[in-house]
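Use these hints to put chain B onto chain A, whose structure you have.
Protein chains in written order, with the numbering used here: chain A, 1 to 216; chain B, 1001 to 1216.
No wet-lab data here; the hints were simulated from the structure.
Treat each hint with caution, since some may be false.
Claimed, not checked - Examples of chain A residues lying across from chain B (beta carbon under 8 angstroms, computed): (1) Ser9; (2) Val41; (3) Gln43; (4) Leu46; (5) His59.
Stated by the list, open to error - Sample of chain A residues with no beta-carbon within 10 angstroms of chain B, all distances over it, derived: (6) Val80; (7) Gln102; (8) Gln116; (9) Trp136; (10) Leu138; (11) Phe141; (12) Gly170; (13) Arg211.
Note that the structure is a prediction, hence the values are computed from the model and not measured.
Glycine is no exception: its CB is placed at the ideal position from the N, C-alpha and C atoms.
There are 2 protein chains.
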Amino acid sequence: MSALLHDISLPLDSDLPLWPGSPGIRSTQLMSIGRGDAANVTQLSLDVHSGTHVDAPRHFIDTGSSVDELGLDPFVGPAVVVDTGSAREITASVLADVSIPQDAERLLLRTANSSQRTGRAFDEDYAALTPDGAQWLLGRFDLKLMGIDYLSIQRYADPPDVHRSLLGSGVAILEGLRLTDVSPGAYELVCLPLRLIGAEGAPARAILMARNGENA
Amino acid sequence: MSALLHDISLPLDSDLPLWPGSPGIRSTQLMSIGRGDAANVTQLSLDVHSGTHVDAPRHFIDTGSSVDELGLDPFVGPAVVVDTGSAREITASVLADVSIPQDAERLLLRTANSSQRTGRAFDEDYAALTPDGAQWLLGRFDLKLMGIDYLSIQRYADPPDVHRSLLGSGVAILEGLRLTDVSPGAYELVCLPLRLIGAEGAPARAILMARNGENA
Chain A
1 MSALLHDISL PLDSDLPLWP GSPGIRSTQL MSIGRGDAAN VTQLSLDVHS
51 GTHVDAPRHF IDTGSSVDEL GLDPFVGPAV VVDTGSAREI TASVLADVSI
101 PQDAERLLLR TANSSQRTGR AFDEDYAALT PDGAQWLLGR FDLKLMGIDY
151 LSIQRYADPP DVHRSLLGSG VAILEGLRLT DVSPGAYELV CLPLRLIGAE
201 GAPARAILMA RNGENA
Chain B
1001 MSALLHDISL PLDSDLPLWP GSPGIRSTQL MSIGRGDAAN VTQLSLDVHS
1051 GTHVDAPRHF IDTGSSVDEL GLDPFVGPAV VVDTGSAREI TASVLADVSI
1101 PQDAERLLLR TANSSQRTGR AFDEDYAALT PDGAQWLLGR FDLKLMGIDY
1151 LSIQRYADPP DVHRSLLGSG VAILEGLRLT DVSPGAYELV CLPLRLIGAE
1201 GAPARAILMA RNGENA
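The following block holds chain A by itself, in its conformation from the complex (with noise of 0.2 angstroms):
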């Protein structure tokens, strides 16, 4: 199954780019073989947006479904990757010359991120979907899933429209993808996060398998 299994989660480590603000990610030993201790046992602290992870609604609506409570629908079935070029504002125009399937369900966003951004410094000035593409996309398919290939699906500087827009009808969102070597097309997505009970978000590991031998 190996060689038809694409693994999409960003690795974590000291690497990995900052959403500005967050504490990031630490690890502290527990407990250490080097030390004289019967074992190796790491201690774990993270902000849950670091790296790979899914937002709920909770995340910007109070009264909205924890990360537990979506189940795990929307995180696992048939997905289709779609490449948005060189465009940094992924408007609906941009989306309206991208061949999207109408039953696709789960939307990931392959943008100029997955070629251009490799560093450890966070860009502000990300590919990410701007609120008239958001629209579009929500009034033309009935989607489970939206994700993409930077920390946030909405740029930097605007105000959390697109995260609201899309989490209020339902679509859960899939942030800090690796997709710069996954080819646009159909794939089936295993995307789990971790099951924490009443959160807002959780940091996952996603990976997308080929179809009937498609994408392989």
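Below, chain B without anything else, positioned relative to chain A:
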């Protein structure tokens, strides 16, 4: 797909049984809509061996592979769930009475823990694999992964021989499974640990999917 999907991960909340000495799972609010912030943002801190989690060789072998170095092959593919009944000590003798397919690669033990352990308090007398049980399995099967339905694959008072023999033989360990509602049989396992670079283990979410309509 959801009707055929079993979430075998423990909910991560304050009811989770903790290994003695573990600091457990702590959530703090970095941002809070209720306090006037634009969003809810949680900071999570946990011992990576809390709840449903993976052990890599480095947990007990200082020069062994870290969890990221294992890749996903041990964690994604055909798996067998077997029921070991009421035994607290999963010995060679107990295992010899269980029907394990000769080609089993990923073996999940559904033990007395699944029927008897429901509380928050840690129970030192949980059902687990004995050293002779581990040797019996290693001598008969070409395993990639062993899983169990409590926080450790080995008994509480044992030295770490079971961990060391499994991990030293290339068998990844998956602990803290929730198998209460899962019938014995053949499944597809997808266990996705966080992609923690260099760590000896990682929290994970794991699911079982029915194979060709079996165990639906």
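Structure-based check of all given hints:
1. Ser9: Nearest chain B Cβ about 5 angstroms off; hint holds.
2. Val41: For Val41 (chain A), the interface hint holds, since the closest Cβ of chain B sits about 6 angstroms away, which is under 8 angstroms.
3. Gln43: Because about 6 angstroms separates Gln43 (chain A) from the closest Cβ in chain B, which is inside the 8 angstroms limit, the hint holds.
4. Leu46: At 6 angstroms from the nearest chain B Cβ, Leu46 (chain A) passes the 8 angstroms test, so the hint holds.
5. His59: For His59 (chain A), the interface hint holds, since the closest Cβ of chain B sits about 6 angstroms away, which is under 8 angstroms.
6. Val80: About 16 angstroms separates Val80 (chain A) from the closest Cβ of chain B, which puts it past 10 angstroms; holds.
7. Gln102: Gln102 (chain A) clear of chain B: closest Cβ-Cβ about 20 angstroms, beyond 10 angstroms.
8. Gln116: holds, 22 angstroms
9. Trp136: It holds; Trp136 (chain A) is separated from chain B by about 24 angstroms at its closest Cβ, greater than 10 angstroms.
10. Leu138: holds, 20 angstroms
11. Phe141: holds, 19 angstroms
12. Gly170: At roughly 15 angstroms from the nearest Cβ of chain B, Gly170 (chain A) sits farther out than 10 angstroms, so the non-interface label holds.
13. Arg211: For Arg211 (chain A), whose nearest Cβ neighbour in chain B is about 13 angstroms away, the distance exceeds 10 angstroms, so it holds.
Violated hints for the displayed structure: none, as all numbered hints are satisfied.
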